[in-house]
Each structure stands twice: as C-alpha cells, then as structure tokens.
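Colleague: Chains as they are written, first to last, in the working numbering: chain A, 1 to 188; chain B, 189 to 412.
Treat the hints as calculated values from the structure; they're not laboratory data.
One side only, chain A facing chain B, incomplete, derived with CB under 7 Å:
(1) Leu-137
(2) Met-140
(3) Arg-141
(4) Thr-144
(5) Leu-162
(6) Glu-166
(7) Leu-169
(8) Ala-177
Okay, the calculated beta carbon distance ranges per label pair:
(9) A:Ser-16 <-> B:Asn-259: 57 to 65 Å
(10) A:Ser-121 <-> B:His-368: 40 to 48 Å
(11) A:Ser-16 <-> B:Asp-244: 44 to 52 Å
(12) B:Gly-326 <-> A:Gln-181: 43 to 51 Å
Facing chain A, a subset of chain B residues (Cβ under 7 Å, in silico):
(13) Pro-225
(14) Ala-388
(15) Arg-389
(16) Ala-392
(17) Tyr-393
(18) Glu-397
C-beta atoms are modelled at their ideal positions from N, C-alpha and C, and glycine is treated no differently.
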Amino acid sequence: MNTPGVYMMCIVAPMSIGHALLGLLEGGPRHGYDLKRAYDERFGQDRPLHYGQVYSTLSRLLKNGFVTDAGVEAGDGPERKRYAITDAGVTDVERWLSTPEKPEPYLQNTLYAKVVLALLSGRSAADVLDTQRSAHLDTMRELTRRKSDGDLADQLICDFALFHLEADLRWLELTAARIDQLAVEVNR
Amino acid sequence: MTLLRAEGLSKSFGKTQALDGAGISIRAGEVVAVMGPSGSGKSTLLHCIAGILPPDSGTVHYRDQDLTAMNDSTRSELRRTEFGFVFQFGQLVPELTCLENVALPLRLSGMKRKDAERAATDWLARLEVEDVAGQRPGETSGGQGQRVAVARALVTAPKVIFADEPTGALDSLNGERVMHLLTTAARETGAAVVLVTHEARVAAYSDREVVVRDGRSRDVEFAR
Chain A
1 MNTPGVYMMC IVAPMSIGHA LLGLLEGGPR HGYDLKRAYD ERFGQDRPLH
51 YGQVYSTLSR LLKNGFVTDA GVEAGDGPER KRYAITDAGV TDVERWLSTP
101 EKPEPYLQNT LYAKVVLALL SGRSAADVLD TQRSAHLDTM RELTRRKSDG
151 DLADQLICDF ALFHLEADLR WLELTAARID QLAVEVNR
Chain B
189 MTLLRAEGLS KSFGKTQALD GAGISIRAGE VVAVMGPSGS GKSTLLHCIA
239 GILPPDSGTV HYRDQDLTAM NDSTRSELRR TEFGFVFQFG QLVPELTCLE
289 NVALPLRLSG MKRKDAERAA TDWLARLEVE DVAGQRPGET SGGQGQRVAV
339 ARALVTAPKV IFADEPTGAL DSLNGERVMH LLTTAARETG AAVVLVTHEA
389 RVAAYSDREV VVRDGRSRDV EFAR
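So here's chain B without its partners, still in its complex pose (with noise of 0.2 Å):
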C-alpha cells in the first residue's frame, strides 16, 4: 500500500535550484534509501516530503492527504502524530535528560508524565542506551545520543520515520548499531524509513535506492 507519494516537485533557494521535478513514493513498512551526490537536493526532498519545507510546486500525498494543501497547524499536527525524525546531529533539548528528550513528542501530544516515562523507558531499553536516562545529551558519546534520537523518533509509533544521515557523524561501529537498532525497531512496528545517506554501507540496511542528482529523482517504484 503507497503511504506517501510525491510528485513533480520543485524547489528553489534564491537563484539555486535544489528540486526540479523530483518524485517518490514509499509504501508502508518499506525502507527506503535515498542516495546521491552533496548538493542533489536529497536533503531538500526529505524536507518537502516530510511537510518541513514546502515546495515551490508539485503535490506530496501521506494516504489521501494533500500536505501542500494544508495550513501549517494542520501539518504541524501531522508531523507530530503520524512522523519520526532523526537527523544527523541528534537535536536532543540539551536542558532536558534523555529520558526528558524521549518522553517530550508524548508530552506535547498531551499524555501524562507517568505514562510518558514509561513508555520512553521502554524505548530507551530497546535502544539498549537505558543507562543514560538520567543524563543530559550533552553527557553522551555521539552514538549514545543518535540511539535517544532514535528512540525518540520511534516513540509516538510514527507510520513514517524520516532520517537525514542519521549516522553521519558517528563512527563505522556505532553507525551500524545505530541501523541495526533504527530498522530493526520500524520493521518491528510497522514504520517506513525514508533514510536520506550518501554511504552506501548504511543504504544497504533498506529494502530498495531512490538516486536523487541534479534535483531530479530516479524512483524505479514510482514509474508503476
């Protein structure tokens, strides 16, 4: 079943054009790869299909959903609820423990505290990083920090989990636990990965490649 399809999508920095026309489509439960040079504009189409950017034209549908028809709120509400997010350098609330940091996207959705730890404990057990709980992000190792970030990307049970080199500043050792960690939990719940990488190492933790270059996309599932 197609989750998110994308169409046609185009976007401009200025005089740069990043997007020009790409498309994508991503079924439920799948990981996807999307691969390309620095400057293809990967990062770009993460961003416009996971309602962070938007495009200067083009569609993106999540199920029967227009994002590029919706007000912000409402996109807001569905990044929230429906989306996970990991990106290169974590972005944990450095104030916050990591037991805080995974509990927060729960908070924000209005669950108690209570019940909130709980079930961030839960993910930072199956992380196997629950002996940082009590630390703050900045007392972390990088690969530590990156497996909190998963944790909290996974902890709302997402339907799609966007990762933007997710293991790029980690060392080979740690990006792979992180990997193993990342698909083997969304195989486990049911999520798609969208995992934007230029190594292939790490692209060959997902089911299938879409190649971005030139801002234009290469999508073989996307052709059917």
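Chain A extracted, bound-state conformation (with noise of 0.2 Å):
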C-alpha cells in the first residue's frame, strides 16, 4: 500500500470550485472578477483561484446551463460580464450539499465550503454534518469488520485509517458545536 501517495493525492485534489461559485451565486448575480474576490476571502486563503480557472469554471458552468449570462455591468471600469444561477444551477448545488464526499483524509477545504455555503443560502448547515457524519461512520464500521477479520498487517493498516477519520469527526462535531457562532460570522 502506498500510502504517502494516497494522501498526496487527497492533499492536492481539489474542492469543487463549480460548486462553490454555484453556491456564491445563490446569494445574485455577480460578475468574475467579483466571484473570485468572494471565492478567495471565503476559502481561498491557502490558494487564491487564478482568474484562468474563473472563467473556465463560468464557462463550463453556463456550456451546461447552470448559470446564465445577466446583462454587463455599468460603470467606469471595462465592461464586465455578469453571471446569474438558474434553477438547474441550484437543483445541482442542493444535490453536491445534500451528497457526504467519499470519506477520506483532508476533506476539510470542501467540507467547510458545504457548512458556509448552506449556512449562506439559509440551509440546513447540520444536515450537512450529520449526513457527513453518517458516511464517515459507516466507513468506519467496515474498517472495523476488516480489523475483525484480518491479520495484524490488516489491522495496523485499518487502524492507520480509522485514526485519520476519527480525527475528521472530531472536527465535524467541534463545528456542529459552532454552528450558531459561524452562521453569525458568514451573514455579517
């Protein structure tokens, strides 16, 4: 088991970022340069999107009709472009909030972007960590079986992951916990 390589990926791999500015288009329409800047305050700190991917991201987005173009918006400045989420837009952000990711390790980038975007759009922010909770457990409990099961090479691998889940439910109840104090931060 290559396991340095398996949380590599899991470091690297991205948060769905079609998603979140799905998410951030809930609250109206906004043109790139301003999803960006929204992006990156609320969950860019590490890595800022690069405009590149903006775009690309809108221009799959609208290609697949989730969003739609919203006129230009007037000004001093270039003309800019503004995008609104159309119903297919918000069917598709309440299916990615209401579906647990695959539970793994460092989950916690999109993970937090579901809490905040549910918390943003008045859903429900515990649905989201109980039904995240739920997958995280049923995995465990097939860890648990193995452990059951196999040799202690079997165990000491199955252990390895369990500890890396229990850490992400440790967080998960921590923010349950929290929930009302970062619905107040979010809508400020």
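From these two lone chains plus the hints, build me the complex, please.
Modeller: Okay, here's the thing in structure tokens:
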C-alpha cells in the first residue's frame, strides 16, 4: 500500500470550484472578478483562484446550463459580464450539499465550504454535518469489520485510516457545536 | 422487531434540562451507538430508557410494557431479568471475587451457588478473563475489570445491554478488546446493545448511530 502517495493525492485534490461558485451566485448575480474575490475571501486563504480558473469554470457552468448570462455591469471601468444561477444550478448545489463526500483524509476544505454555503443560503448546515458523520461512520464500521477478520497487518492499516477518519469526525462535532457562531460570522 | 421504544422524553435536573423531547427505537439484536457531545443528554437518555431514571414526561415501552407506568419493584425486576448494564468504571462489588461478582445477578434471581458459579466461570472464559476469577476487582487491571463487568452483564442472558462509555477509562488497545468481546458476545446471544459513547472508533462497532444534541435525539429508525 503506497500510503504517502494516496495522501498526497488527497491533499492536492481540489474542492469543487464549480459548486462553490454556484453557491456564491445564489446570493445574486455577480461578474467573474467579484466571484473570485468572494471565493478567495471565504475559501482561498491558502490557495486563491487564478482568473483563468474562474472564467473556465464559468464557461463550463454556462455550457451546462447551470448559470446564465445576466447582462453587463455598467460602470467607469471595463465592461463586466454578470452571471446568474439557473434553476438547474440551484438543483445541482442542492444535490452537492446533500451528498456526503467520500470519507478520506483532508476533506476539511470541501466540508468547510459546504457548511459555509449552506449557512449563506439558509439551508441546514447541521444536515450537511449529520449526513457526513453518517458516511464517515459507515466507512469506519467497514474498516472495523475488516480489522476483526484480518491479520495484524490488516489491523494496523485499518487503524491508520480509522484514526484519520476519527480526526475528521472530531472536526465535524466541533463545527456542529459552533454552528450558531459560524452562522453569525458568515452572514455578517 | 422493535424491542424498546421511547417517545417525547423530557428530563430536568433543577433548572438544567437534560432531555427535551428525545426519542429512540431499538430493534432486537442490533447494536446502536448513542453519540453526542458532553452534556448533550445521551447518558440521561440511556438511564431513562433503561428504567433507572424516571423521565418528567414521555413514555418508554419495552415490548408491550410501559416502564414509566410501572412501580419501582416491577421496574427493578425487569431490569434484573431483561437488561444488562456496563458502566465506565465497572462498578463491581470490591469485597467479592470476580467470579462472585459475575455470579451475583444469578444468585439474586435465586439460582443455587454451584450453578451460578458454573455459568459465571463460562462467561469469564468467553471474555478471556478466567485467570482472574479468584481475584478481587481491585487486584485486576482496568481492561480485565471491564471484561468482568461485561461478563456480569451477559450472564443473565439479557435482551438488552446498556453500556455507558464502557471504554471511557481504558487505553485504545484494551478499549478495542472490550468492544470486540462485548459486541461479539451480544451478537452470539442475540442481545441488543445500547452503547453511549463520544468516541467514533467505539461507535464503529455499532450497526447504526443515534445522535443526541441539546437533549433532542436524531434517530432515523425512530421516524419509520
């Protein structure tokens, strides 16, 4: 088992930028620069978006019918095309928020984004956390069964994964305990 | 088959409301983890559904009997014959040997000493602690003592075992051993287990979880 390789993939695997942009558009139409600024402010502390990523993502969302052209913003500077989320886009965000992520290490970026976007859009962040807890525990049950049936090597490999999943769950519990505080922060 | 069902449980201690309309449903033979942060009400929920604490309001049905409508002696009898208990710190009787501790519930039910001790010896062996049979609880390690407590909970062939943080005082390795032996024995005997824990790795020995927060529970099965 090439554990470091597996974890490096997990670390660099990006969260779903498309869904994050759609979630931000639920607050009202925005142009690309505005979206990048909002994304960087909320989710991009360690990894701000490149303009190219923003526009290529918006182009894909437009092509898939998740956003629509909402006209051009008037102003002193250069003209800026605005994008609005469509009903199909809202449905896609709903589906993304209610689908648990595959339990694996270093999920915090995606989970944090889901919680923040649920709070921003008036959805239940507690439901997002509960759904994820359930998915994590299902994986932990499977690992625990494998451990019971396996040899010492299996037990140690499963323990490694179990301790990492447990750390995720502790984060979920702590976030659940702070959800009211976070709701005030994100809606400020 | 639903074995135990509690609805609308509320319980306050002075001005502190521990339960606020909690509910839970337990099927025969399943292992259910009751999870939640400290102070969420999960231990109070366990004590109410096990008939240890009377709720201020709400009902607890075990099969077709309403625990909240029973008098103390009937409820005590039910607890002794149908339920088993494992707590965080064993709660073994310090003056008795481990064998006598395990045999105690059978003796209280009127079984002869010889028969009770034979059954207790069998359970100590199943929990892999037969070598401490003649020792007093204070002479055993934490892990051994907790396995003796599990043997005592199982010796009466209960239908439901209530375990409140059974590994809370143990290190990881001993905790896992206790959980493995407890859930394996419960599955072999067909007993349901209600397991209160805040540890995810302990909850991973369950079939499903019920989350308690601010005195309210979230039980998917209960809604069905």
